Amino acid sequence: MKNYIDLSDIKDLQALLTEASELKKAHAALEIGKGKTLGMLFFNPSLRTRLSTEKAAKLLGMDVLVMNAGSDGWALEFEDGAIMNSNKAEHIKEAAAVLSQYCDIIAVRAFPELKDRKEDEAENILNSFKNYASVPVVNLESATGHPLQALTDALTIQELKKKDKPKVVLTWAPHPKALPQSVPNSFTKMMQKMEFDFVITNPEGYDLNPEITKNTRVVHNQDEALKDADFVYVKNWSSYEDYGQKLSEDKSWMISQEKLKATNNARVMHCLPVRRNMVIADDVLDSSSSAVILQAKNRTFAAQAVLKEILEETANASELGKNA
Amino acid sequence: MKNYIDLSDIKDLQALLTEASELKKAHAALEIGKGKTLGMLFFNPSLRTRLSTEKAAKLLGMDVLVMNAGSDGWALEFEDGAIMNSNKAEHIKEAAAVLSQYCDIIAVRAFPELKDRKEDEAENILNSFKNYASVPVVNLESATGHPLQALTDALTIQELKKKDKPKVVLTWAPHPKALPQSVPNSFTKMMQKMEFDFVITNPEGYDLNPEITKNTRVVHNQDEALKDADFVYVKNWSSYEDYGQKLSEDKSWMISQEKLKATNNARVMHCLPVRRNMVIADDVLDSSSSAVILQAKNRTFAAQAVLKEILEETANASELGKNA
Amino acid sequence: MKNYIDLSDIKDLQALLTEASELKKAHAALEIGKGKTLGMLFFNPSLRTRLSTEKAAKLLGMDVLVMNAGSDGWALEFEDGAIMNSNKAEHIKEAAAVLSQYCDIIAVRAFPELKDRKEDEAENILNSFKNYASVPVVNLESATGHPLQALTDALTIQELKKKDKPKVVLTWAPHPKALPQSVPNSFTKMMQKMEFDFVITNPEGYDLNPEITKNTRVVHNQDEALKDADFVYVKNWSSYEDYGQKLSEDKSWMISQEKLKATNNARVMHCLPVRRNMVIADDVLDSSSSAVILQAKNRTFAAQAVLKEILEETANASELGKNA
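Residue numbers (our numbering), protein chains in the order written: chain A, 134 to 457; chain B, 134 to 457; chain C, 134 to 457.
To be clear, the hints were calculated from the coordinates, so they are not data collected in a lab. Please note that the accuracy of each hint is not assured.
One copy or two, it doesn't matter: identical chains are merged, so the pair holds either way.
List of simulated lysine-lysine pairs, DSS-like, C-alpha gap at most 30 Å [what the hints assert, rightly or not]:
1) K263 with K158
2) K167 with K430
3) K430 with K221
4) K368 with K263
5) K157 with K135
6) K379 with K360
Here the structure is a predicted model, which is why all the values come from computation and not from measurement.
Make a model of the complete structure from these sequences and hints.
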């Protein structure tokens, strides 16, 4: 693949999942990335994504440069033609071009503001890097998507599933803050690719972007949705219709063992961090129902598969084009 | 060793010191840690500990992931059964389990609050990582101990001593701030293991925890204690009895060449950073009496010996148990 | 070379530039730095300098330790004989000596305050490290110089020049803030070494330190200076005479295609970050006139050549002196 910005960048999902599985089995230090550099640029904090992606890169032999745009006070100008006499010291055109001189792959994290839907959906930061960088760009969670998480989730379900076409339920859960829709968006797109029996359940007012959910069944009755589920993916998100708002904190949507009784002994998933006894109850997280730690483990190998495929494609392109 | 949380984790101190000495002589890049990751998690700032441990890990071939829990705003919940609706986004149970997926060893620094003795002595953060992590845990200075510093100190004395059983004096010195007891605690435990002629001297009200000092002689007259000393270990600490308080700033306890006259040409030690002309005078630090830079140098090799022993034991365990 | 603190540390400039060119052509992972550590200490923020130097070190096989003196709140005492009872916890004597135990090369960035000319010119931080460190010291931009940038600039001009002795013009340009003179100072010294046809142009009141400009022609009419230029190096700086002040924001000094008409199809250079349409116009930066991205790329190889030469000299010295 050339970039990994959205699930549409995946050419062959089964091949990518197989690669990730094999990297996990081997868990070895490889040499393919020797002398290559991954630059990770964070406009927002990150723990798991940083650690797993850094580890993935190093297992491939790559060097890693980490930049915190926030704490380094690196205010970027994105407007074309701007007269830069304010506090913004560098234009994205130079920033992306310069990072491309030091990095063989650039990975970017940039959350939504959750104020203006159009602005968030423009994915200004990520798309600017894609436009102005001369090297591949990887999405470490953007305003509207988190495709590395979705790949981990697919890998985890593939590992755990006991039937070809399991029933997978994505359920909204309460949370004290208004959160982005990036994780449920990407999970939905991934489930559509996997062709599982996929259902989304959320309170009214919390329907995700219909251009993403498309034909996926959306049910407003959680109990009905959970029936016979093999996997329950739990996540809070803010409203898409009433954009970025927290409409309710309905505690009855929290996932507990009581809720799981109607399922087919479902495995419970969450991207973490998870608020215990708010989003998911202790009796689930501390039981064998939980798959959340496995998901976290698999992030390393999902990232490694993506970085490896990008490195391979870049090597091929440079050999073919003699433009090394 | 399985963990390195307290000096009691050391199985064979002489073997560990010999290993550290040999690593120092070789000062070479090893391969034993290739493909392995050390995660260092700081709840408090660190310079020397971070640099020396990071260098030690890299000399073993390990990759290093550094996390600043403070600046990354990673507020952890430690209470069992908590309903997580406050500002704490992740429970220690997930945090420790997730880090265990990315790291082969987790090293943690967490200072005391110096407000509530019972709370500090519970070593909540460090023990939670020990309980919930599935990989070995190393103490990078906790509320009540700094065992990597103590190992460095033992290595330094072993290098410099001119007789089998030197007289070692740990002396309190004045400081403008109230400091933890972690360094003197661990140094005391280490000296007890080394079976040197060990004396502690401090003003009244500054006696360390009697469960740690045990039978060690504690003298409240500094001049008397210093007589014929071969090593003088200087350190400020706050009161244990009047917990966490600074009772005095008695300048007469500062170590100077004048004070050293009564000693047996003693070498002066300090864990650094040191306040010049407050804790130790220029005429000592700028003279050949000082061993503080050697102590700092030895931190790399003490950490390297600990990490190497943990890696070896983990490799053995996984081979025996076939649970790789 | 022993240190790289100022251009005067360069023994053979042509050899160094040739080395940088060859490292650029090879762009390979080397082993010379294996088991060696570069410590980078930042008293001020850095993006490009950090990334390019870190990449350079890693391409040589070195490990890199990064320390942010600012954010880690590491307040250093520089005064000799100080009684350290204030907020400064460590003296530069210990700091430099300790870092020398963990690092084989120490690189330091410390900007000027732009308040007191004498104080800035004393280069207190950098010189203290030079005095008290026992390993080589590299300047990552100090109060009065930026020699790694100047080496990059020389490398870039050497790559692009179409005649032996091109005309190079360093021109002041407007900027909303008062900036240091470190980049124009070092560029001036470098151009004097290269023996090009070198001219400086700036508004009256902005003449650089005459001890640096020496016999270099300084012209206060920009149009006159630009005539037939092969290279135009654009940079803002604050006044040296009226030390550290911003005297004007004269927009007519901005470099645009209109301004370049009088040149010999000049290539335009800037150390970045650059304020678009304030310092240099879009029509230059977005055209083939611009060489700024090439300059940024070359920073890696300039740093790599410097680090490599220091490593080689250290290895030779230690072999000769048997003081390894």
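The hints, checked one at a time:
1. K263 with K158: between (32 Å within a copy, 27 Å between copies)
2. K167 with K430: Close inside one copy (24 Å) and across copies (19 Å); limit 30 Å.
3. K430 with K221: between (38 Å within a copy, 22 Å between copies)
4. K368 with K263: both (29 Å within a copy, 29 Å between copies)
5. K157 with K135: Both, since 23 Å and 25 Å are each at most 30 Å.
6. K379 with K360: Classified as within; 27 Å inside a copy, 63 Å across copies.
This entry satisfies every hint, going by the numbered hints stated previously.
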